[in-house]
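Engineer: Sequence:
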Amino acid sequence: MREIKQPQILSYLGRFTLLHLFTYILIGFVFLIFQDTLPESRRIALDYYEPFRPLGMMAVVGQIIRGLAFAFVFYPFYQVLFKNPQGRLIMFGAMWGIALFGSVEPQPGSIEGIIYTTISFIEHISVLFAVAVQMLLFVWLFFKWELLSQKKTGSSEITKRDILSYAPEKIRGYAVRFLVVHLVTYWVIGSIFYQIAGYADALKEMEIFEMWRPLENMNAVLLVFFGQLFRGTMLALLLAPFYGSYVHKRNGWLLLFLLVFGLTTLGSPLFLSEFILFEGSLAAFLKDLIIGIPEIVTQMLVFSLVFFWWQRKSYK
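Its first residue numbered 0, the sequence shown is counted upward by one per residue in numbering that gives the first Met the number 0.
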């Protein structure tokens with residue numbers, strides 16, 4: 000078996016971004032036609048969040064930046080994707096299961112959106128389906144192009160596959176540790192930022208929070224708790240194939256942070272597209288930044304450090 004070569008970064012970024020933009024435009028064109036057929040009362044969240052946007056300068060720029068974010072996240076894990084027999088499935092799970100369904104954004108198609116908002120079932124399921132088709136098409140095209148590029152640079156197709164990066168007999172302990180750290184950091188850091196970042200005032204003032212469920216009752220607390228049990232377990236399993244690429248490295252916690260923050264935040268269909276839309280005053284823009292982003296960065300960073308330390312200790 001000949002080794003899969005790590006591609007040159009610029010050509011790799013170009014291929015990745017071009018295909019990501021192409022699949023977004025193609026699936027987005029069809030999705031927007033479908034969205035327009037829905038009654039206005041059944042597409043309130045789709046009109047507000049705009050998971051797929053009409054073709055324009057800002058939409059294109061937003062998806063180019065998002066494509067670059069995905070590409071940079073996957074580059075250190077290139078060997079995991081292309082030397083693993085389930086490489087295509089792993090990449091799809093990351094770009095759909097983690098970046099959309101497991102996203103930190105309470106948006107159509109995400110677990111957080113199901114937990115915290117009143118977005119309708121048809122809006123959730125339509126976005127999940129559309130993004131699934133987009134990512135399936137992207138992964139298929141990307142693997143075809145990358146393997147063709149590998150041949151041209153002297154690498155042959157793999158005839159013998161590597162074993163999975165994480166031994167199945169260790170999955171249970173890994174998943175339990177992942178879930179415990181996820182729940183503790185989610186609740187503790189979320190509670191701290193709720194108190195110090197003015198979330199209570201934001202819930203009253205910002206238009207987006209009009210779609211949020213009332214959170215001050217037992218049903219909402221149970222929904223959040225069990226929702227995070229499911230979300231944490233799902234993230235653990237979808238990230239498991241990347242385990243061997245960071246756990247044995249001294250700065251592996253940084254690679255883990257790159258994965259969880261890059262996929263659940265930067266890979267979200269909305270985050271970067273919204274971030275580049277500078278509307279209103281600088282003061283209003285900075286005020287919006289402090290609602291959510293510092294909490295997300297802190298939670299992901301603490302999670303990565305604690306889980307990496309605990310997993311390394313357990314491994315030893």
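What the hints contain is simulated information worked out from the structure, not anything from laboratory work. Treat the hints with caution; some may be incorrect.
Across the chosen pairs, the derived CB separations fall in these ranges [what the hints assert, rightly or not]:
#	residue 1	residue 2	range
1	Gly13	Leu222	39 to 47 Å
2	Leu221	Ile8	18 to 26 Å
3	Ile275	Arg311	20 to 28 Å
4	Glu273	Leu135	20 to 28 Å
5	Phe274	Lys248	38 to 46 Å
6	Lys4	Asp46	42 to 50 Å
7	Ile8	Leu146	38 to 46 Å
8	Leu135	Trp211	26 to 34 Å
9	Lys151	Pro53	46 to 54 Å
Beta carbons: idealized from backbone N, C-alpha and C, even for Gly.
Engineer: Please check whether Gly13 and Leu222 have a Cβ separation lying inside 39 to 47 Å.
Structural biologist: holds (43 Å)
Engineer: Lying within 46 to 54 Å: is that true of the beta-carbon distance Lys151 to Pro53?
Structural biologist: Given about 37 Å between the Cβ atoms, the range is violated.
Engineer: Taking 42 to 50 Å as the stated bounds, is the beta-carbon spacing between Lys4 and Asp46 within them?
Structural biologist: holds (46 Å)
Engineer: Looking only at beta-carbon atoms, does the pair Leu135, Trp211 fall within the given range of 26 to 34 Å?
Structural biologist: holds (31 Å)
Engineer: Could you check the hint for me, namely that Ile275 and Arg311 are 20 to 28 Å apart, CB to CB?
Structural biologist: violated (37 Å)
Engineer: May I ask you to test the hint 18 to 26 Å on the CB atoms belonging to Leu221 and Ile8?
Structural biologist: violated (46 Å)
Engineer: Determine whether the Cβ-Cβ distance between Ile8 and Leu146 falls within the hinted range of 38 to 46 Å.
Structural biologist: violated (18 Å)
Engineer: With respect to the beta-carbon atoms only, verify the hint that Glu273 and Leu135 lie 20 to 28 Å apart.
Structural biologist: holds (25 Å)
Engineer: Take the C-beta atom of Phe274 and the C-beta atom of Lys248, compute their distance, and say whether it sits inside 38 to 46 Å.
Structural biologist: Distance hint for Phe274, Lys248 is violated at roughly 30 Å.
Taken one by one, the earlier hints fail for this structure at numbers 2, 3, 5, 7 and 9, listed in ascending order.
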